[in-house]
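Q: What follows is each chain in one-letter form.
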Amino acid sequence: MRRLLAYYLILAVIVVILAYLFPDALRRISAKGLGEVSEGPTVLTDALTGGGASNSPFGPGSLADISVTTILILLGALALMLPVTWVYMSARSIPGHNQNVVQTLIILPLVVAGIVFLVQNSLALAFSLAGVVGAVRFRTTLRDTRDLVYIFLSIVIGFAAGVQSLAVGALISIVFNVVLLVTWRYDYGRNVLTPTAASQWAGPLHSLASDTGDHEIPDRDLVLSLTPEKAEALADRFHRVRDVLGTKKKKPRYNSVLTITTDNVSDAQRQVEEVLGRMTKRWALDEVVTNTGKPCEIYYLTKVKKSIPRDVLLTAIHENANGIIESANLETAEMFAEHEGTKG
Amino acid sequence: MSSASPWLLLAFLLPGLAGCRNTPQAKAAEARTVARTRAQEFARRTAYADAHPDTSVALAQWLMPPELNELSGLALTSRGSVLTHDDNVGRVYEIDVKTGILLKSFSLLGNPKGDFEAITVAGEDVYLMESDGKLFKFREGADGKQVPYSTYDTGLAKQCEFEGLTYEPDSSRLLMVCKRFVDKNAAHALLIFRIPLPLGNLSGITTLRVPIEEVVGKNHWKNIRPSDINIEPMTGNYVIVASREKALLVVTPDGDVVRSEELPGEHRQPEGVAVTKDSLLLVSDEANVKPAVITVYRWHPS
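If you're matching them up, the sequences are chains A and B in order. Everything in the first sequence is counted per the working numbering, starting at 1 for the first residue and increasing by one. Everything in the second sequence is counted per the working numbering, starting at 1 for the first residue and increasing by one.
Just chain B, with the same shape it has in the complex (with noise of 0.2 angstroms):
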């Protein structure tokens, strides 16, 4: 190598290295700039879609970063912006889905590992879910800060593998989906745990159950495995997807299956949904060969 090769692998690296002396401060002004263009753009769309009532038209698909590729659960906040987190990790993420801005982020003290599925607001603490019905409490944290947070087994691996979480402020309880009996000789059905807040009355836990034929209608899943459930704010039904078959369900509270029927557009693992107060349907997919998205969509409740 010659004398001169060195200076030319630097003359290389430093444009790319410049690149990356992003402050914070200059992100944040990046993010308004793009947010005020962004939010115009997504008042035209969302108008385009209330004037075609076409509810496999999504009116954003946010491309998530790689850290968030295995995008799990969704919550919203009452800032109107939703909660996501990665599978493996106690990390939180705050994103504004009208304008495609990651707000925030903040983890767990310790950045405790686990297998986390689904995340939900109450009130002012989040609450985290592991695939084994562990929940972690904790209060939102700054940007890039890390929140002390307590634990709480509810013993209910024993029954089911979780996937979905949320908080019914109805009834203040959070609400666990089953996806998957540990029981495999149990019938197949829809099986909803209430939890009631705050935690520790184990025996105040009871159940939801919607007999599997109610759920799959007219489709042709021959079971459901719900990924994510979560409340829809004008009814209080509550409105579940199911991963392997795409399903969309919402339910009522009593158990009446109120619509059963696929995701509208292409999704290739759904793990999270929620729906807005200004009737948006949010629908998040795990990375798989292609990046993690959160998609929105226009909510028509039927």
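Chain A with its partners taken away, still in its complex shape (with noise of 0.2 angstroms):
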């Protein structure tokens, strides 16, 4: 937001410049198309020395004048459009954005605004337009409807640049940036019935944390704190260990999730990989989690051998650490399972 209004203080001062130093050029952009009238007499063309009606230009002026006002338009519709995109890519309710989209909202209102330019007043020139592009078919689906929007949007800024009235065309695009940033920012519309990212979160999480036994979370009014972001990241997590615990038809290369507590984490790591190259049949250093003024938590992917139960395996690790670590857990595919089927 602050970006998009340093933006638009910008162009206005630019515009208050060039307003002071090129008046006429200036009126010819921005509200010629609303009748605006200009002061002045005005020498007229007097075809009959210059030239005759038939060689002279119809349409907007001389040869300059039409370079500059064309030049100027485009730029225009160009400096209106480029706020209109960062805001498409920032304000989504969809993650993500179509990039195609973000072009064809920079490149459209200078089309459009050529073509109006061309076709202004002229009847003639607008039914051979509508013939020629009845020719081409344009056929998209777009991801998000809101995307049909900008591309309105895109076309009224061209258009404003066309008919050389880009104060309107300025307005609307300013107006529709900042009504798009708020009912993006406040949800507006959203139903008031519908659950929001936290409250769906908080039931499996209060159920997680409240459940007895080995994989009970410590800090339990932490995870309930976790706001919508971070429970998607807990979550992604809690995948990513269902994945590679899972019960697919493929047998898992792991079956079970070593999680180790303590303060020394190259020492506990050198410790209990030791024990786990002695017991268990392969493993992988998941993840390693530092904590501040907490211990730091180290995560290994095994496959335990059949042979060794879990508890031998931890009391190993514990002997072997010998104080290193605070904690071990070992959650095996079968506990897991387990705990999925008591919440279904």
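No lab work stands behind these hints: they were computed from the structure. Each residue gets a CB set at the ideal place from its N, CA and C atoms; glycine is no exception. Hints may be right or wrong, so weigh each one.
Coverage of chain B stretches by chain A, computed from C-beta distances (three or more under 8 angstroms per stretch; other residues unrestricted) [unchecked claim]: (1) 26-36; (2) 97-111.
Now the in silico label distances, taken between C-beta atoms and shown as ranges [claimed, not checked]: (3) B:236 to A:16: 49 to 59 angstroms; (4) B:26 to A:16: 20 to 30 angstroms; (5) B:180 to A:118: 24 to 34 angstroms; (6) A:14 to B:24: 23 to 33 angstroms; (7) B:111 to A:186: 34 to 44 angstroms; (8) A:90 to B:155: 54 to 64 angstroms; (9) B:236 to A:17: 53 to 63 angstroms; (10) A:16 to B:110: 25 to 35 angstroms.
Given two chains presented individually in distinct reference frames, assemble the corresponding complex, making use of the accompanying hints.
A: Written out as structure tokens, the structure is:
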């Protein structure tokens, strides 16, 4: 929002400077289509001495006039569409954005402005254009229906530029961006009966936290205070572990997760990995989570030998670590499946 | 794009932009200089036309600016200039037809949109007419200003579609010429409504109907769809132009057809006509493939 405001402010300053230095130039692109009246007498061309009416340009003026006006309206359209693309890329209900749409938002108003600039006041050209465009078929499916609104906006700004009324285009661009950002920020239009992401996660996390047994999460309040984004990240991790431990047709490479808490990560790793090397079929370091003010966590994916019970493995780890680790826990695939079953 | 490119673009734009810095004072100075030269040239052409009385020779043809592409009616002012207007917006332009200088332009308050078809000057008042016969009354404004206006519905839209309006000073009436009859079964005729001033007396409206056969005369027109009417100052006759037929008609206030002929020169879409006190015939053409123009001829009343 700050970036947007800064951009519009800079744009306004540039427009004010241009209005001071080149009042006619600005007038010809800002509100010409709205019927602005120029002051001062104008010398008309005499067709009898100036090459005749047939040789005179039928449109917005001389070649220099047309060139300058065209460049100004195209730059104006571009300047007004840039912030719209920023809003498009930022304020979206669906994650990610379509790069093609972004580029279209930039290019389309330039094309529309060019078309309208050519066609204005000429019914014959308008019909010709309709005929030409009618031969081209545009069929595309947009992922988000709001993308269509952006496309419409780019057409409107293109029209505004084409009829040399960029003042209208500027106001439309500003109001559109502000309204869109506000509706996005406050999630306007959400069904109040639909649970929020936080409330959706509260249930599963609560049951997880209140579970009795080996896999109880130590800091229940911390879990329940997770933001939706953090809860999402946690869920991703759960899913990842479940994918590893899950009962797929293909035999899983690992069948358990070993969780170690310690203040001395490097020593603990060395000691624990020595035991894992002796007592498991295979193992892999999954993740090391460093915490401030409380012990760090080390996660291993392991394939435990059937001949070695869980308690034996944990006891061996504790003995080998010799007080370096604070706790060790082993979650097996069976325990995970059992937990899922009780939830279901 | 290299770092030099924006500067190149700026270097290209600035000269063009600098040319746009035309202040009203600078434009006025240029207009004065051009007007002197053109007045001499116009006098020379007029003298030549008088020596060679061929009405098809134009004395001048002024190309209108883009905002007057839909140029419509013409009205003479007491200063010798003409007022004209755009078809779509309530905006009036004053043009000196001898020098080709657009002297000023002003608009009705709020730039009302409409289908404006004709304009006339009645004393200090100016009237713009829409195609449905609705009249906009206002006073002339200064350059670039907006003027207040009042509207008056003649109620004639049920009978006709209008394109021509003028003021008849002898009778202090507005004349509105019917372009197309609403009733398609109505007999073809040249129909002129006379509306007494001041406005407000609907019962005072009278008509002048001239049979179509008399209007067409020896020409090959099937019908006449007048696009403007004006008064010939010397005789008080009605000068009428018809866009589709490219016709020029002169009718007396009693309904006698004095002239019925094709317009001189080449006209794509004549929408306005006027005859000045110093015998100039002005014909305005709306833009139609070519730009809008006002063409000036020597007027030889016959």
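Q: Does each hint fit the structure? Answer for all of them.
A: Against the structure, the hints:
Given as covered by chain A, the stretch 26-36 of chain B passes the check, having 6 residues with a CB less than 8 angstroms from a CB of that chain where 3 are the minimum. Here's how the stretch 97-111 of chain B fares: 9 of its residues keep a CB closer than 8 angstroms to some CB of chain A, so the rule of at least three is met and the hint holds. In this structure the hint that residue 236 of chain B and residue 16 of chain A lie 49 to 59 angstroms apart at CB holds, the actual value being about 56 angstroms. Taken as a hint, the range 20 to 30 angstroms holds for the pair residue 26 of chain B and residue 16 of chain A, whose Cβ atoms sit roughly 22 angstroms apart.
Restraint check, residue 180 of chain B to residue 118 of chain A: a C-beta distance of roughly 32 angstroms satisfies the suggested window 24 to 34 angstroms. Judged by the Cβ atoms, the range 23 to 33 angstroms given for residue 14 of chain A and residue 24 of chain B holds: they are separated by roughly 25 angstroms. Hint check: residue 111 of chain B to residue 186 of chain A, Cβ distance near 39 angstroms, so the stated range 34 to 44 angstroms holds. Between residue 90 of chain A and residue 155 of chain B the CB atoms are about 58 angstroms apart, so this pair conforms to the stated range of 54 to 64 angstroms.
At roughly 58 angstroms, the beta carbons of residue 236 of chain B and residue 17 of chain A sit within the given window of 53 to 63 angstroms. A C-beta distance of roughly 26 angstroms is found between residue 16 of chain A and residue 110 of chain B, which places it inside the suggested range of 25 to 35 angstroms.
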